[in-house]
Amino acid sequence: MPPVFGVLFDGIAYGMLLFLMSVGLSVTLGMMNFVNLAHCSFAMLGGYVTVTLMNALGWPFFATLPVAFIAGAVASIVLERLFFRRFYNSNELNQCLLTIGIVFVSIAAAAYIYGTDQQPMQLPPYLQGSIHFRGLDLAVYRLFLIAAAALITIVLVVTLEWTRFGAQVRAAVNNQRMARGLGIDVDTLFGFTFALGGGLAGLGGALAIAMLGLDPSFALTYLIYVLIVVSVGGLGSIAGSFAAAMLLGVADMAGEYYIPALSSVLIYLVMLVMIMWRPSGLFGRR
Amino acid sequence: MAEMLLSFRDVRAGYGAGIVLDAITFDLPENGSLALLGRNGVGKSTLILTIMGMTQIGRGRIVWRGRDITTDAPHRRARAGIGWVAQEREIFSALTVEENLTVAARPGRWDLKSVYDLFPRLAERRRNFGNQLSGGEQQMLAIARALMTNPALLLLDEPLEGLAPIVVEELAAAIRRMTGEGANAFILVEQHADIALSLTQSALVIERGRIVHSGASAALLADHAALDRLVGLRLAEA
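Protein sequences, first through last, are from chains Z and Y.
Just so you know, we're using this note's numbering here: the first sequence kicks off at 1 and counts up by one.
Just so you know, we're using this note's numbering here: the second sequence kicks off at 1 and counts up by one.
Hints were generated in silico from the structure; no laboratory data involved.
Some hints could be false.
To be verified - Cβ-Cβ distance ranges computed for the label pairs, FRET-style:
| # | chain 1 | residue 1 | chain 2 | residue 2 | range |
| --- | --- | --- | --- | --- | --- |
| 1 | Y | Arg177 | Z | Trp277 | 47 to 53 angstroms |
| 2 | Z | Ala111 | Y | Ser134 | 56 to 62 angstroms |
| 3 | Z | Arg177 | Y | Lys113 | 54 to 60 angstroms |
| 4 | Y | Ile166 | Z | Trp277 | 38 to 44 angstroms |
| 5 | Z | Phe83 | Y | Ala218 | 39 to 45 angstroms |
The C-beta atom is built at its ideal place from N, Cα and C for all residues, glycine as well.
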């Protein structure tokens, strides 16, 4: 098969994971201007929930996914109520210091409980191997990733674009003061959005294990990718995050395949070019 | 005394440590109408924001239908029945015209059909996004959006500011139609003092954060000397 299709396929699967892990941060950052560097810790939590349920309790892979979502959602709402909401009116530096501290705590906690090794995970047989299609060799799990993430993206877009809840979220991202002045309870709305974003990160983390692996450094390693997605995509823009995640996923995979010597800096070059071209992000409104 | 819709009692308000308004006391009855006049920068918009709960209150009480709302959050005041048309219009640019109208709507006599009847131009532009509208259309949308919450009190902060004369006439006519029915109270901040006075029952004039005149709108409109002194408006002698 021509490598370009293989690279594209892997890049899209990777991009789908990045999208799931970053979309929540994009919305909450756009909505409340709260810099939550601990967003990937929710993803890591989802990953550990899935491996624990599978390896220690023998749960099937699919049954663990909703639990990973709920774990991410609950963890994010607990942190929001306990810590984050005290820092909404604080400056970005304080928010960064608080949330990067939470990242380090989550890394230490994961290392303490699970050790620093990669977590083993056995995918169910029907998600292993690959299928051959017109000369292309497509890994079943990556096909599944693309399909699952596409489905979640559609549900998310429909929710945000076609429901009143979605319109209220967009209104609050757009102009928080006016939203409050019209009777929209922005704090509660933000709580829900925060939980949804944390839940999607948890789900993304659970789905990521088989492709990206899982160890305590996950919370920091992928934080960088997630921040690039959010800044290139534009704050608060679902479409922007999606486009940026795809671009980054494909660029990263292409770099590794074609120019391995440059692969570790290529995504930063892509980010640099994109930010210089569109300083407020691909679909950014400010 | 009949129960008032909105009462201010000796309110001091501002932003942070800065005091903009002081010793503000007034009453607005159900279905009443009030013109808020004064030169630029005297605190008229701050008074509107104080009604919405978006300033810091240093002293005094704000009472809504007998209930103290001095410390209520803005969204609670909006839900209690205060509709806000902000000075800068503050249309949600990421929402379509129709979404702007429905995003915070509450049931009542104003619905999509009746606001489209009032502003037919919005019906034509229902699928456009908020940032694709002219200034006049944005103002219509800001008013219609507030009406859709079916408020008992409508706050109109300089709805005619910065608009072409023909649009001013069109909007003033719509405001006259909408308020003439007397189905809700309203407070109107307006540089065009003659229009504001002709639309309202009573008037407050603010100067440097304090009320310097309070009385019937018709009486003030007829008193050209007072108008000139208070708001710098010279009306041609009839």
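Hints versus structure:
{"no.": "1", "hint": "Y:Arg177 / Z:Trp277: 47 to 53 angstroms", "verdict": "holds, 49 angstroms"}
{"no.": "2", "hint": "Z:Ala111 / Y:Ser134: 56 to 62 angstroms", "verdict": "holds, 59 angstroms"}
{"no.": "3", "hint": "Z:Arg177 / Y:Lys113: 54 to 60 angstroms", "verdict": "violated, 29 angstroms"}
{"no.": "4", "hint": "Y:Ile166 / Z:Trp277: 38 to 44 angstroms", "verdict": "holds, 42 angstroms"}
{"no.": "5", "hint": "Z:Phe83 / Y:Ala218: 39 to 45 angstroms", "verdict": "violated, 57 angstroms"}
Comparing the model with each earlier hint shows violations of hints 3, 5; every other hint is respected.
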